[in-house]
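As you go down the protein sequences, you meet chains C and H in turn. The working numbering puts the first residue of the first sequence at 1, with every later residue one more than the last. The working numbering puts the first residue of the second sequence at 444, with every later residue one more than the last.
Treat the hints as calculated values from the structure; they're not laboratory data. Careful, some of the hints might be misleading.
[Claimed, not checked] Subject to a maximum C-alpha distance of 20 Å in a straight line, what follows is the list of computed SDA-like cross-link-like pairs (lysine to any residue): (1) C:439 - H:546; (2) H:553 - C:425; (3) C:124 - H:789.
[What the hints assert, rightly or not] Short derived list, chain C residues pointing at chain H, Cβ under 8 Å: (4) 366; (5) 368; (6) 370; (7) 423.
Note that the Cβ used here is the ideal one computed from N, Cα and C, for glycine as well.
Read off the chains here:
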Amino acid sequence: MEDMIFYDRLQFAFTITFHYIFPQLTMGLSLIIVFYKGLYLRKKVEKYNDAAKFLMKIFAINFTMGVITGIPMEFQFGTNWAKFSELTGGIIGQTLAMEGMFSFFLESSFLALFIFGEKLMGQKLHFLTGFLVFLGSWASGWFILATNAWMQHPVGYEILDNGKYVLENFSALFTNPWLLPAFLHNQLASVVTSSFVVASIGAFYILRQKNIEYGKLFLKTGVIFGLISSLLVAFPTGDWNAKNVAKYQPASFAAMEGIFETEEAGAEIVLVGQPNMVEKKLDNKIAVPNILSFLTYQDWDKQIVGMDHFEEDELPDNIPALYYSYHIMVGLGTIFIGIMGLAGFFLWRKKLYTIKPLLWIIMFLVPFPYIANITGWYVAELGRQPYLVYGLLKTVDGVSPTVSSGNTLFTLLGFVALYMLLGLLFLVLVGKAIHQGPKHQTH
Amino acid sequence: MEIFWFLIIAVVLAMFFVLDGYDFGTGIIHLFFAKSEKDKEVIAKSAGLFWDSNEVWLVAAGGMLFMAFPTFYASVFSGFYLPLILVLWLIIFRAIGLEFRSQFNYQMWKDIWDKSFGVSSLLLALFFGIALGNIVRGVNLGGVKDGISTYEGHFFFLPLWNSNFSPLTEHPGVIDWFTIIIGLISVVTLAIHGANWVIIKTNSSINGKLKKVIFKLNCALLVLTIVSVICWQIVNPDALNNFVEKPYLLFFPLLYITGLTGLFFIHKFKKDSYGFVCSTLLIVGGISSSLASLFPILLPSVNDVNEPLSIYNTAASDYGLSVALGWGIIGFILLFVYMIVQKRIMGGKIDHMDYGH
Chain C
1 MEDMIFYDRL QFAFTITFHY IFPQLTMGLS LIIVFYKGLY LRKKVEKYND
51 AAKFLMKIFA INFTMGVITG IPMEFQFGTN WAKFSELTGG IIGQTLAMEG
101 MFSFFLESSF LALFIFGEKL MGQKLHFLTG FLVFLGSWAS GWFILATNAW
151 MQHPVGYEIL DNGKYVLENF SALFTNPWLL PAFLHNQLAS VVTSSFVVAS
201 IGAFYILRQK NIEYGKLFLK TGVIFGLISS LLVAFPTGDW NAKNVAKYQP
251 ASFAAMEGIF ETEEAGAEIV LVGQPNMVEK KLDNKIAVPN ILSFLTYQDW
301 DKQIVGMDHF EEDELPDNIP ALYYSYHIMV GLGTIFIGIM GLAGFFLWRK
351 KLYTIKPLLW IIMFLVPFPY IANITGWYVA ELGRQPYLVY GLLKTVDGVS
401 PTVSSGNTLF TLLGFVALYM LLGLLFLVLV GKAIHQGPKH QTH
Chain H
444 MEIFWFLIIA VVLAMFFVLD GYDFGTGIIH LFFAKSEKDK EVIAKSAGLF
494 WDSNEVWLVA AGGMLFMAFP TFYASVFSGF YLPLILVLWL IIFRAIGLEF
544 RSQFNYQMWK DIWDKSFGVS SLLLALFFGI ALGNIVRGVN LGGVKDGIST
594 YEGHFFFLPL WNSNFSPLTE HPGVIDWFTI IIGLISVVTL AIHGANWVII
644 KTNSSINGKL KKVIFKLNCA LLVLTIVSVI CWQIVNPDAL NNFVEKPYLL
694 FFPLLYITGL TGLFFIHKFK KDSYGFVCST LLIVGGISSS LASLFPILLP
744 SVNDVNEPLS IYNTAASDYG LSVALGWGII GFILLFVYMI VQKRIMGGKI
794 DHMDYGH
């Protein structure tokens with residue numbers, strides 16, 4: 001049976017990974033755009049308005065990509081995961097339909113107004129449209145996280161005799177203890193991505209000796225937003241999420257931390273090591289004793305259960321991938337704090353714009369927040385396995401009963417080819433916008 | 444409560460076809476009639492400025508269908524697996540075409556994306572018509588073979604076509620001569636609709652010519668409509684029973700007939716927007732008549748073993764539906780506010796509209 005769903009899982013993983021490149025930028029970037037637009041309203045310095053409009057161009061390209069790669073996500077619930085949709089549609093359909101109703105309409109209506117309507121409506125209204133775009137994109141994140149939170153930690157439901165999940169308490173979907181920490185963590189992580197992108201464009205302009213005035217502005221904004229968001233992603237939100245996993249999904253927690261055996265007393269934190277699934281241990285392990293117990297429970301000697309505590313079929317089915325995703329996310333997050341801390345220090349000492357090695361590093365740092373965001377989602381999704389709805393509905397039981405894996409492989413290949421083209425065009429367009437710079441006006 | 448949600452989703456779906464319909468139609472017009480670069484650019488722009496906010500209606504319709512009729516959503520989306528994924532790919536190609544054509548001032552580049560925009564629009568119009576044809580014709584629910592279901596009764600899987608392209612067998616495919624006719628109706632209707640959109644939204648040099656095109660297309664549509672009704676009777680003899688039993692449902696075909704008749708007077712209209720109203724009536728009338736003919740069924744079964752899917756056997760719980768009605772009303776009020784704001788700021792011809800202007 002596992003093989004039957006392999007291509008369905010791969011197709012979903014591939015299309016969602018590609019899709020999530022775009023929203024993670026637009027959510028954070030809309031915040032920075034609103035920030036610039038607000039500064040312009042207060043200080044009336046033309047530079048801030050140009051910066052906001054320039055970033056909106058990059059936003060618009062990403063938004064379009066997000067829309068066209070997002071429609072396949074919604075369709076795939078029905079096409080590839082029909083049994084899951086049939087059983088849980090009465091619940092997660094609510095949050096997904098609300099996303100369309102409250103966020104996409106808002107975002108798309110006011111994005112068009114922001115881009116084409118500045119001269120038609122005056123500065124205050126223009127700021128307001130920008131703010132509404134920001135609100136729409138964050139509302140989208142909220143509803144998607146509410147959907148995912150229900151799958152991670154189901155609440156407010158009742159199961160009928162025919163196996164269908166029906167909604168029993170609507171407000172429970174939004175007071176789910178999983179939702180708020182996951183939402184904040186995710187949104188802050190998207191601010192990390194966008195501020196690193198803005199900082200990178202700034203570093204590029206300074207190094208290239210072009211648009212230097214904007215380069216300094218972007219670098220400064222990117223470093224300040226980047227430092228604050230990197231810190232908040234780790235603590236308190238990252239910490240809060242980890243505690244939730246330990247509490248609600250202890251098997252996933254053991255797997256992502258790489259704890260094969262339950263220790264008598266406090267658990268060590270693993271920094272480096274490769275899971276060896278044959279001998280059920282970590283190879284080449286470097287670990288610090290008792291730290292994990294302290295981080296999780298503020299108690300050095302508290303016991304944390306390891307993977308040996310659980311039945312084979314309750315453990316995630318790809319432990320190494322989960323373990324690596326988690327360690328890559330945490331490792332990168334730590335590096336981000338370090339680099340942005342250093343950059344923030346030099347910014348404070350007014351030396352940042354002249355330290356070339358650091359500018360080069362910031363410029364080339366761009367792919368890594370994307371990797372951290374995406375591996376973060378892998379932790380959530382791989383950690384939930386073997387379930388679609390944690391503890392209740394297994395992934396193998398959610399797949400479409402009538403779609404053969406041959407058909408799925410066919411469409412998967414199509415998506416891979418199409419998204420390669422899409423990715424290429426995307427890079428060309430963003431490259432063109434950055435090359436033209438903020439001063440450029442199209443006619 | 445099921446009826447409420449059926450009506451809401453029908454309205455959202457009709458909005459999608461009216462709104463995204465004009466930009467599909469614009470693509471068809473662009474493909475066949477736009478010759479000069481100036482016309483090509485402005486016609487592509489008349490779709491390019493609006494397609495993404497229009498496509499949101501598809502996302503909204505999908506989301507609501509998922510929430511209100513999860514069994515129907517699951518069954519139809521997995522049953523029409525291949526055609527739906529093809530539709531997704533076409534939507535992506537079309538969007539690329541619209542968004543990328545003006546990025547580089549290089550003729551070959553523009554030609555490629557113009558074709559991509561035009562051809563995908565044409566195929567999408569055809570596919571959406573074929574989809575409607577499939578819904579009114581019905582499918583082999585449960586994948587019945589020799590009187591025994593292969594799957595649970597509400598699931599099915601349709602091949603793209605069967606060996607003789609006939610809707611009259613036990614195993615109809617997605618494409619057969621009946622669904623092709625409905626597909627052609629859809630292409631012609633949306634082409635008319637798109638032409639009307641180009642006329643009201645741009646000052647292109649072919650606006651005068653497009654009125655003649657609309658007239659000719661409308662003649663073709665009249666013929667196709669008559670043929671399709673006859674074929675529909677052959678494929679499904681009970682097709683028109685609902686209209687006989689509940690004559691007030693004839694209101695919907697009447698909308699269609701009004702639109703069809705109106706468009707024969709396209710040359711005499713004092714305002715260009717009348718033409719657009721007529722083609723809107725065509726689309727709304729066509730979709731609502733098809734849904735009314737089936738009601739309360741959503742998807743007929745071509746075998747006697749499994750029950751058709753109806754609004755009653757596929758709906759979510761009453762509690763869920765009534766909660767959703769609450770937020771739905773709030774959502775729609777907000778939506779109409781956005782639309783009014785957008786219309787007030789961005790109404791009128793778009794020829795000179797550009798970034799920041």
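The hints, checked one at a time:
Under the criterion of a C-alpha separation no larger than 20 Å, the hint pairing residue 439 of chain C with residue 546 of chain H is consistent with the structure, at around 17 Å. For the proposed pair residue 553 of chain H and residue 425 of chain C, the alpha carbon gap of about 14 Å is at most 20 Å, so the pair holds. Distance hint between residue 124 of chain C and residue 789 of chain H is fulfilled; the C-alpha atoms sit about 17 Å from each other, no more than 20 Å. Because the closest C-beta pair between residue 366 of chain C and chain H is about 22 Å apart, greater than 8 Å, the hint is violated.
A cut of 8 Å between beta carbons decides the hint on residue 368 of chain C: the least distance to chain H is about 28 Å, and the hint is violated. The beta carbon of residue 370 of chain C comes no nearer than 21 Å to any beta carbon in chain H, farther than 8 Å, and the hint placing it at the interface is violated. A distance limit of 8 Å between C-beta atoms decides the matter here; for residue 423 of chain C the minimum to chain H is near 12 Å, and the interface restraint is violated.
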